[in-house]
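Colleague: With chain A's structure known, arrange chains B and C on it following the hints.
Listed below are the residues making up each chain.
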Amino acid sequence: MDSWRKNKLAFAVLALPPTAWLVLFFTVPLLIMWLYSFAERGPQGQIYLAVNFANYVRAIEWIHLGIIWKSIWIAAITTAITFAIGFPLAMGIAFAPARWKNILLLLVILPFWTNLLIRTYAWIAVLRTRGFLNFGLEWMHEKLSAFSALIGLPDVMGEFQALELLYNQKAVVIGLVYVYLPFLVLPIYATLEKLDKSYLEASLDLGAGHWRTLFSVTIPLALPGIISGCLLAFILSMGTFLTPALLGGTDSEMIGNLIARQFSSSRDWPFGSALSFLLLYMTFIILWVRASLAGRREEPI
Amino acid sequence: MSNFNFPFTRRRFLQGSGAAAVALTFGGRNTFAQEKKLNVYNWDTYIGDTTLQTFSESTGIEVQYDLYANLEEMFAKFQAGNPGYDIIFPSDYMIETMIAAGMLEELDRSRIPNFANVDEAFLNPSFDPGCKYNAPYFWGSVGIGYRKSKVGEVDSWSALFDSDKHSGRMAMLADQRFVMGVALLYLGFSANTKNPEEINAARDLLIKTKKHLKGFVPDSGQDMLISGDIDLVMEWNGDILKVMEEDDDLTYVIPKEGTVIWVDGLSIPKGAPNIDHAYAFVNHVMDAKVNAEIANTIHYATTNKAARAFVAEADLNNPAIYAPDEVVAKSEALADVGDALPLYDAAWTEIQAA
Amino acid sequence: MVRDRSNPLDYTRKTWMRMSMGLTFLFLYFPIVSLIAFSFNNSKRNITWQGFTLRYYEKAFDNAQLHEAFLNSLIVAGISTTVSTILGTMLGLSLHRFRFPAQGPYEGMVHLPIVIPEICMAVAMVAFFATINMPLGLTTITVSHIAFSIPFVAVVIRARMAGFDRSLEEASYDLGANQWQTFWNVTFPYMKPGMIAGALLAFTLSLDDFVITFFTSGPGSTTFPIKIYSMVRFSVTPEVNAASTVLIVLTLALTVIALVIQSRSQAK
Numbered sequence: 001m002d003s004w005r006k007n008k009l010a011f012a013v014l015a016l017p018p019t020a021w022l023v024l025f026f027t028v029p030l031l032i033m034w035l036y037s038f039a040e041r042g043p044q045g046q047i048y049l050a051v052n053f054a055n056y057v058r059a060i061e062w063i064h065l066g067i068i069w070k071s072i073w074i075a076a077i078t079t080a081i082t083f084a085i086g087f088p089l090a091m092g093i094a095f096a097p098a099r100w101k102n103i104l105l106l107l108v109i110l111p112f113w114t115n116l117l118i119r120t121y122a123w124i125a126v127l128r129t130r131g132f133l134n135f136g137l138e139w140m141h142e143k144l145s146a147f148s149a150l151i152g153l154p155d156v157m158g159e160f161q162a163l164e165l166l167y168n169q170k171a172v173v174i175g176l177v178y179v180y181l182p183f184l185v186l187p188i189y190a191t192l193e194k195l196d197k198s199y200l201e202a203s204l205d206l207g208a209g210h211w212r213t214l215f216s217v218t219i220p221l222a223l224p225g226i227i228s229g230c231l232l233a234f235i236l237s238m239g240t241f242l243t244p245a246l247l248g249g250t251d252s253e254m255i256g257n258l259i260a261r262q263f264s265s266s267r268d269w270p271f272g273s274a275l276s277f278l279l280l281y282m283t284f285i286i287l288w289v290r291a292s293l294a295g296r297r298e299e300p301i
Numbered sequence: 001m002s003n004f005n006f007p008f009t010r011r012r013f014l015q016g017s018g019a020a021a022v023a024l025t026f027g028g029r030n031t032f033a034q035e036k037k038l039n040v041y042n043w044d045t046y047i048g049d050t051t052l053q054t055f056s057e058s059t060g061i062e063v064q065y066d067l068y069a070n071l072e073e074m075f076a077k078f079q080a081g082n083p084g085y086d087i088i089f090p091s092d093y094m095i096e097t098m099i100a101a102g103m104l105e106e107l108d109r110s111r112i113p114n115f116a117n118v119d120e121a122f123l124n125p126s127f128d129p130g131c132k133y134n135a136p137y138f139w140g141s142v143g144i145g146y147r148k149s150k151v152g153e154v155d156s157w158s159a160l161f162d163s164d165k166h167s168g169r170m171a172m173l174a175d176q177r178f179v180m181g182v183a184l185l186y187l188g189f190s191a192n193t194k195n196p197e198e199i200n201a202a203r204d205l206l207i208k209t210k211k212h213l214k215g216f217v218p219d220s221g222q223d224m225l226i227s228g229d230i231d232l233v234m235e236w237n238g239d240i241l242k243v244m245e246e247d248d249d250l251t252y253v254i255p256k257e258g259t260v261i262w263v264d265g266l267s268i269p270k271g272a273p274n275i276d277h278a279y280a281f282v283n284h285v286m287d288a289k290v291n292a293e294i295a296n297t298i299h300y301a302t303t304n305k306a307a308r309a310f311v312a313e314a315d316l317n318n319p320a321i322y323a324p325d326e327v328v329a330k331s332e333a334l335a336d337v338g339d340a341l342p343l344y345d346a347a348w349t350e351i352q353a354a
Numbered sequence: 001m002v003r004d005r006s007n008p009l010d011y012t013r014k015t016w017m018r019m020s021m022g023l024t025f026l027f028l029y030f031p032i033v034s035l036i037a038f039s040f041n042n043s044k045r046n047i048t049w050q051g052f053t054l055r056y057y058e059k060a061f062d063n064a065q066l067h068e069a070f071l072n073s074l075i076v077a078g079i080s081t082t083v084s085t086i087l088g089t090m091l092g093l094s095l096h097r098f099r100f101p102a103q104g105p106y107e108g109m110v111h112l113p114i115v116i117p118e119i120c121m122a123v124a125m126v127a128f129f130a131t132i133n134m135p136l137g138l139t140t141i142t143v144s145h146i147a148f149s150i151p152f153v154a155v156v157i158r159a160r161m162a163g164f165d166r167s168l169e170e171a172s173y174d175l176g177a178n179q180w181q182t183f184w185n186v187t188f189p190y191m192k193p194g195m196i197a198g199a200l201l202a203f204t205l206s207l208d209d210f211v212i213t214f215f216t217s218g219p220g221s222t223t224f225p226i227k228i229y230s231m232v233r234f235s236v237t238p239e240v241n242a243a244s245t246v247l248i249v250l251t252l253a254l255t256v257i258a259l260v261i262q263s264r265s266q267a268k
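Residue numbers (our numbering), protein chains in the order written: chain A, 1 to 301; chain B, 1 to 354; chain C, 1 to 268.
Excised from the complex, chain A in its bound form:
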């Protein structure tokens, strides 16, 4: 990493245009929201600007903290599962023959060109009590019972019981893993792809097994991508609201749903802004810590 002073022109050319765009079309609008978070709600949901911390006080009531904690849990489990599925996939693509790479990459992205809502409804059709998965299981169950009857075994299988796969936290996690998989795969793929393969070969040549190479060479080298990918998956699933609304049960409300409700049926923009900023402050701190850690790590080089 260079100091910006070393090449002021290059730094300016690279950093100014995106910064300008983000400041004008993101930070400034966000400042408006920040002002709202201190405002008061009018009877019809109007926003009366004020300096008032009541919204933040309300945001840290136990019930809301409980919802935030539940969201963190669901996001953490989602991230872990997404990583367990996504890392081998990213590795498979990165080590695939060159002509396959773009095709595989495209295959990963393709399902996401279907609208999120439609994809989620497709999951409902798969998971529900009379969904495709249960139909498949029922079919297998029938065949198995017929088979056991055929060879004279007593009917141990009993009546087929459809699995309750939908309208609970598990369904929410499945839906989230599905939605955020590419956000984790793409950054990991991007780092693995041009990873210097000679390190891996050296490790294998020196007698380390594939697993040892994976854990002591590949993963450490791909760490920047892994961190980026996991952070993306975690942060995005924290703020989600469509998936829990459609796939969740009666206790699946996450912080994103609570926030979305403040901007719709509860019409309490100041409180919604305060909740959003609570979430933002938390993630801002995570990113800041990560940036300073990364800075320290790269400093000696």
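Source of the hints: derived by calculation from the structure; they are not laboratory data. There's no promise every hint is true.
Here are the computed lysine-lysine pairs in the DSSO-like style, where the Cα-Cα straight-line distance is at most 30 Å [what the hints assert, rightly or not]:
hint, chain 1, residue 1, chain 2, residue 2
1, B, LYS305, B, LYS330
2, B, LYS242, C, LYS14
3, B, LYS305, B, LYS289
4, C, LYS44, A, LYS194
5, B, LYS148, C, LYS44
6, B, LYS289, C, LYS59
7, B, LYS150, B, LYS194
8, B, LYS330, B, LYS242
9, A, LYS170, C, LYS44
10, B, LYS194, B, LYS36
11, A, LYS170, B, LYS210
12, A, LYS170, B, LYS36
13, B, LYS242, B, LYS210
14, A, LYS170, B, LYS165
15, A, LYS101, C, LYS14
16, B, LYS210, B, LYS256
17, B, LYS211, A, LYS70
18, B, LYS289, B, LYS256
19, C, LYS192, B, LYS242
20, B, LYS132, B, LYS36
21, C, LYS44, C, LYS59
22, A, LYS8, C, LYS192
23, A, LYS197, C, LYS44
24, B, LYS150, A, LYS143
25, C, LYS59, A, LYS197
Modeller: What follows is chains B and C alone, placed relative to chain A:
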């Protein structure tokens, strides 16, 4: 909206440079100042197949038709100023809210001769006394959709609220005002109460009911019902009606305790760019034949008395569309609850988290 | 010399890797395939198979509003992907390359669009556009899409550049290349897979976004997700499935064409 004037010292600078920079970057297609245009903002499939066509043919006005999926989102957009629409279709409580927020034009009846076609029962609603700001459109109810062979006969909300007979085979809407409203009515209170104790009683009832529910579902209850995931659901009449056409075993009832009904109106938002065309459109939609064509397409109950002569007999006799008068008498439309809305929100959050 | 048939690093050839990838793709495509299958179902609902029909494709093709929504979505996604890939790459590169004062807060700031609940950003955008008196429409949608796509591209680029060997650039300077030549001939080719990945992400985000799009849209700028959301309010019909299938096929065709053109130009 005066509430949106921020004390930004840099505001003028932003106005100039921001808008100019963007206008330079993209051409944009935001030219709604063209001649003979009308910008209509509505739900999807909430108009007749030929309504827009006949309107354009008779007036020469081209209709730009945009859609929203949720009234509250529509409102949130208008809160930042009218994005350029001439006609919107808000419901009861939203009409009241938008009137209070100064977002609607007062209608000039002399420019809507067909207003005379409206059934007088709809001319003096609590949310807009005298219908000064809305021209009544269609109405409907929320009730119980159920599978007869599994549930038997249902005539009371108690099937949902006071029974574990169908535990795990029931669902409710995910709409806080409607669900709370029905619970309040069931307890004998007003669906629009501002009394915290009554709201809390409804909350406790719903928390008790919740463990028997599969979920609070956003507009997919009818799919769950027809697919056999559930046997009993609190849903909109129109949604249940559509699945009833496909499955004889399903039916819809408005329970004897009464229910929350909704009434939609046509309104002209303040700042509408083509106000003359908007009046022409309102008048067109209230024409008896045009209105009947809409009714025969969307199968909701019309508020237009003159139109009923042309509405399909089967629809008129269907209690799931035109609810019996004695049930309607016990029902309530939602009103704007103003400062009490955060109480409803807090109750709903507790229900969800319990 | 007879070498082992496969390179030890050909993980993709290993059975366990193929199995795991196969299962993952099954997971990814099971819902999509069922969705496509039911677009041909001769029933109003996606519940049981009632026979084959193309009726819903006819319906979708006859739906003029759907056409316009398709077109609007592709225009927005096209412009937004191009601009945000360029700006995002610049941002990712400068974050990777330079150390500067207040880097921590700056990084936090530029990554906020990823973190922020969509609805919050949506409301912020609409309030902002109202403040600067900018009429809502395709322009405001595109501007907002670019803003939330930039950091996503930057994250991917940065992850990619983390493995870059700076000595390659130094070698290029030593060989007499100037800064621009070095960037174009050394850094850029290395960065390219990251840019493709980032562009795919940006395109996907833009094509799929509903919340921010809804709030920043004005008369005549209904996009595909807005249309779909309003259609789905009255349950998911095979027509919605058919329209989604057409969108997949269309974007797939566009991407394949782009990839072919790209590989042709590389071959030259």
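Colleague: Confirm or reject each hint.
Modeller: Verification of the supplied hints:
| no. | hint | result |
| --- | --- | --- |
| 1 | LYS305(B) to LYS330(B) | holds (22 Å) |
| 2 | LYS242(B) to LYS14(C) | violated (52 Å) |
| 3 | LYS305(B) to LYS289(B) | holds (11 Å) |
| 4 | LYS44(C) to LYS194(A) | violated (49 Å) |
| 5 | LYS148(B) to LYS44(C) | holds (22 Å) |
| 6 | LYS289(B) to LYS59(C) | holds (26 Å) |
| 7 | LYS150(B) to LYS194(B) | violated (38 Å) |
| 8 | LYS330(B) to LYS242(B) | holds (25 Å) |
| 9 | LYS170(A) to LYS44(C) | holds (29 Å) |
| 10 | LYS194(B) to LYS36(B) | violated (46 Å) |
| 11 | LYS170(A) to LYS210(B) | holds (18 Å) |
| 12 | LYS170(A) to LYS36(B) | violated (54 Å) |
| 13 | LYS242(B) to LYS210(B) | holds (26 Å) |
| 14 | LYS170(A) to LYS165(B) | holds (26 Å) |
| 15 | LYS101(A) to LYS14(C) | holds (16 Å) |
| 16 | LYS210(B) to LYS256(B) | holds (22 Å) |
| 17 | LYS211(B) to LYS70(A) | holds (19 Å) |
| 18 | LYS289(B) to LYS256(B) | violated (34 Å) |
| 19 | LYS192(C) to LYS242(B) | violated (52 Å) |
| 20 | LYS132(B) to LYS36(B) | holds (26 Å) |
| 21 | LYS44(C) to LYS59(C) | holds (12 Å) |
| 22 | LYS8(A) to LYS192(C) | holds (24 Å) |
| 23 | LYS197(A) to LYS44(C) | violated (53 Å) |
| 24 | LYS150(B) to LYS143(A) | holds (28 Å) |
| 25 | LYS59(C) to LYS197(A) | violated (52 Å) |
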